[in-house]
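If you read the protein sequences in the order shown, they are chains A and B. Sequential numbering of the first sequence, starting at 0, is according to numbering that gives the first Met the number 0. Sequential numbering of the second sequence, starting at 0, is according to numbering that gives the first Met the number 0.
Errors might be hidden in some of the hints.
Computed footprint of chain B on chain A; a stretch qualifies when at least three of its residues, placed anywhere within it, have a C-beta under 8 Å from a C-beta of chain B [as the list claims (entries may be wrong)]: (1) 36-46; (2) 68-78; (3) 104-115.
Taking CB as the label site, the calculated pair distances span [said to hold, decoys possible]: (4) B:ARG154 x A:GLY45: 44 to 54 Å; (5) B:LEU180 x A:VAL194: 41 to 51 Å; (6) A:ARG117 x B:ARG149: 19 to 29 Å; (7) B:LEU117 x A:GLY45: 52 to 62 Å; (8) B:VAL202 x A:PRO95: 32 to 42 Å; (9) A:GLY70 x B:LEU60: 31 to 41 Å.
Covered by chain A, per the in silico footprint, the following chain B stretches (three or more residues, Cβ under 8 Å) [as the list claims (entries may be wrong)]: (10) 7-16; (11) 92-98; (12) 148-161.
I should point out that these hints are in silico values taken from the structure, not numbers from a laboratory. Where a beta carbon is used, it is the ideal one built from N, C-alpha and C, also for glycine.
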Amino acid sequence: MVAFAGYAGDITTSPASRNRVRWAPVPMTGRQEAEATALMIRAQQGDGAAYAALLTALASSAKQYVRNRCGDVPWADDVAQETLLTIHSARRTYDPRRPFAPWFYAILSSRMIDVIRRERRVRSREFGTDVLPEPISPPAPGYDRAAALDGRQLQSALNSLPQRQREIVSAIKLRDESVKDVSERLGMSQSAVKVTAHRGYKALRRLLGGKDA
Amino acid sequence: MRTDDLIADLAGRVAPVRPLPPPLIRAMYWLVLAAITVAAGVTVFGPRADVMVRVAQADYLSIAVLAVCASVFSVIVSLTLAVPGAERTPLLRVTAVAIFGIWAGTTVWEVVHEGRGLPVFTDPHWPVCFGRVVLVALLPAVMLFVMVRRGTPLRPRWTAAMATAAAASAGALAVHVACPLDDPGHVFLGHLVPVMAMAAAAVMVRRTPTSTVR
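Just chain B, same shape as in the assembly (with noise of 0.2 Å):
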């Protein structure tokens, strides 16, 4: 086809479009449903008996607000990118995966320090938590997609990682204010575990869910 063709087919199908609002804005309107779906999860599953007394330590509360930075930073990122041009420096994005290396970083201290290993077949409980961790995810995930699929993200990778990474912190917010379980193994692998895992499938499924460019 000529490029004078195509201009004339594209032309002649041009139709009125909203502009999307900024990625902020977009991203406030998700942090409010992704909160409601964490309140959702906690309720349901029901908080952890001592959380008044544990939200006021710091190994607990710096879990949980590295969660929520996790998922607020990694929203951003993704919305950002699915806007051409509109990330102008990489910074948020390695502000985001610092914050997960932090994460990471700090449960497995936590769990070489305990010294204890992994209790992959002695701990019956973190499946659970892994499950849980997935299905508060699930929603805003598919909301996130759906918000990141109407804009055009260049990189769809970086854009669907981000994503999912997002909406799994959120289910491991969820998870963390309800699991009654403070062994670091079974944080690891029933709270973090699931998190990474989610993100790093989003990477490697070869056509991702936010690959809206041909």
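For reference, chain A alone in the conformation it holds in the complex (with noise of 0.2 Å):
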């Protein structure tokens, strides 16, 4: 088995640039340099097995490397398996005549990055709860939901609407009719309820008090 967790590359966050992470590989050692190469090499020939142990030392060290850069973040596993697949298909890139390190560190850190992102994107858009808010069952027949709001301040907001982003509103969100529905009952293509929709909510957010996105 190849243990290569101890000599991943050397990750900084530039402070120029905070959203561009550079890094620096530190050379493995012959022998591990050597272990790698031929595991490869006998991956490219379909060695199963060779893969599986080249693949569990790569995972290990890729996870390793995350951890010492990042610290002890849930997504290590998500950039190992990202780095196993992109080797998976990168295979026949590698060239058992060129050093195997920059090779696998190029590929791992370019996922690591592309994580690095895709958390970024889903934590400026997500928040977590302690508590997961109850399940919201499908209305009863007759339910009239802007009555179950606080009642007087929506109707209020909507009727202050222009008439067809009223309707358009209610339509959708009061009597959950479908944007095609609506579109063929006015006469309008569906890209249009959808702006009148659009324009409708956020006119709503501002009577109600919320923020203008």
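Reassemble the complex: the two chains are provided individually, in unrelated frames, and hints are given to aid placement.
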């Protein structure tokens, strides 16, 4: 078994560009390089056992690499798995005459940057909650959603919308009609219905005291 | 999925693969194909009547040399970027971009020096040359994208831009040999703009044809 955990690259975040991550690989030792190369050559020839041994070592190395640079993050496994998948699809690009480390760490750092970006995107759009919200059951027949909310305030805000916006917002949000049905009933394109509804939501948000996105 | 399960799955369906030849060798293959396409394009369009005279003049020859260099460097860059870790230094990429910069700078300087501006509406021939550049570039571009997709470009936008620029430069070279017009404005609009436009389009496409990596 090859143990790669000790010779991952050095990754730093440039203060000038916070989103860019630079890394400088520390070369593998000669023995580790030779073992990895030998396993990869056998993997390129279709040897499943050698491939499994190589991937196991590389997965461990990838997780260690992430932990060394980012701490005990929950997405270390994601980076390792993404790296393994890319190695699988890229294995023909490895030239046995070239060193293994630059090839592997180029893939690993690229996948890690992708996962970091994805995590940032997710974190910017989601928020954690200790208590899961109650599941929403479908409304019973005859249920008036507008009345169940703060009826007067919502009705007042709805009434202040232009007639077409009011009709579309009410149909989609209060009567659960589909965009397609609304567009057919009002003789508008589906895009126009969506745009009008979006404008209506923005106006409602403003009228009800929320942030105007 | 657990990592161990993933490893078992990948190892279970591993098939023999033949390693790709080095990027320089693959670039040579492509350059041979591009040269044939350029020759075919010149044959179809017909070389300009005074090509043997003009080829001895520095202004004409320099643009041809720049187009050849741009194509050669760009194809090497794009095929190098398709191999993870093969690009040890960005010097090659910088050189390719610098060649395009010199090409564009030279052409723009000539337009400015001429002082007549760009004949966007007065020259009816530049759209023809524009189309010819794209036409000649089409086959080399498709071939290069096929070659790039056999690799694993970790920088898909750069790879796509360089691959497109390499093919478009080959197209521009064919048109440079065939087109009898030397007006700087025409050369800019009909010969250079299509190269830049194709490369820019490749950068702007959200999912580039080189995005083989998930």
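Quick check: does the Cβ-Cβ distance between LEU180 (chain B) and VAL194 (chain A) fall within 41 to 51 Å?
holds (47 Å)
Three or more residues of the stretch 68-78 of chain A near chain B by CB distance under 8 Å?
This one is violated; 1 residues, fewer than the three required, reach chain B with a Cβ under 8 Å.
Just tell me: holds or violated, for the beta carbon distance of ARG117 (chain A) and ARG149 (chain B) against 19 to 29 Å?
holds (27 Å)
Coverage of the stretch 7-16 of chain B by chain A (three or more Cβ within 8 Å)
n = 8 at 8 Å, threshold three: holds.
Has the hinted range 32 to 42 Å been met by the Cβ atoms of VAL202 (chain B) and PRO95 (chain A)?
holds (33 Å)
Three or more residues of the stretch 92-98 of chain B near chain A by CB distance under 8 Å?
Answer violated; 0 residues pass the 8 Å Cβ test.
So does GLY70 (chain A) sit 31 to 41 Å from LEU60 (chain B), Cβ to Cβ?
Because 59 Å falls outside the window, the suggested range is violated.
Go check the stretch 104-115 of chain A versus chain B for me, would you? Three or more residues, Cβ under 8 Å, otherwise it fails.
Per the Cβ count (4), the hint holds.
Range hint compliance [Cβ, ARG154 (chain B) to GLY45 (chain A), 44 to 54 Å]
Once the Cβ atoms are compared, 30 Å apart, the range 44 to 54 Å for GLY45 (chain A) and ARG154 (chain B) is violated.
Take the stretch 148-161 of chain B, compare each residue's beta carbon with every beta carbon of chain A, and decide whether three or more fall closer than 8 Å.
holds (count 4)
Count the residues of the stretch 36-46 of chain A whose CB lies closer than 8 Å to any CB of chain B, then report whether that count reaches three.
holds (count 5)
Assuming the hint says 52 to 62 Å, is it satisfied by the Cβ distance from LEU117 (chain B) to GLY45 (chain A) or not?
Roughly 58 Å apart at Cβ, these two residues keep to the hinted range, so it holds.
The structure shown violates the earlier hints numbered 2, 4, 9 and 11.
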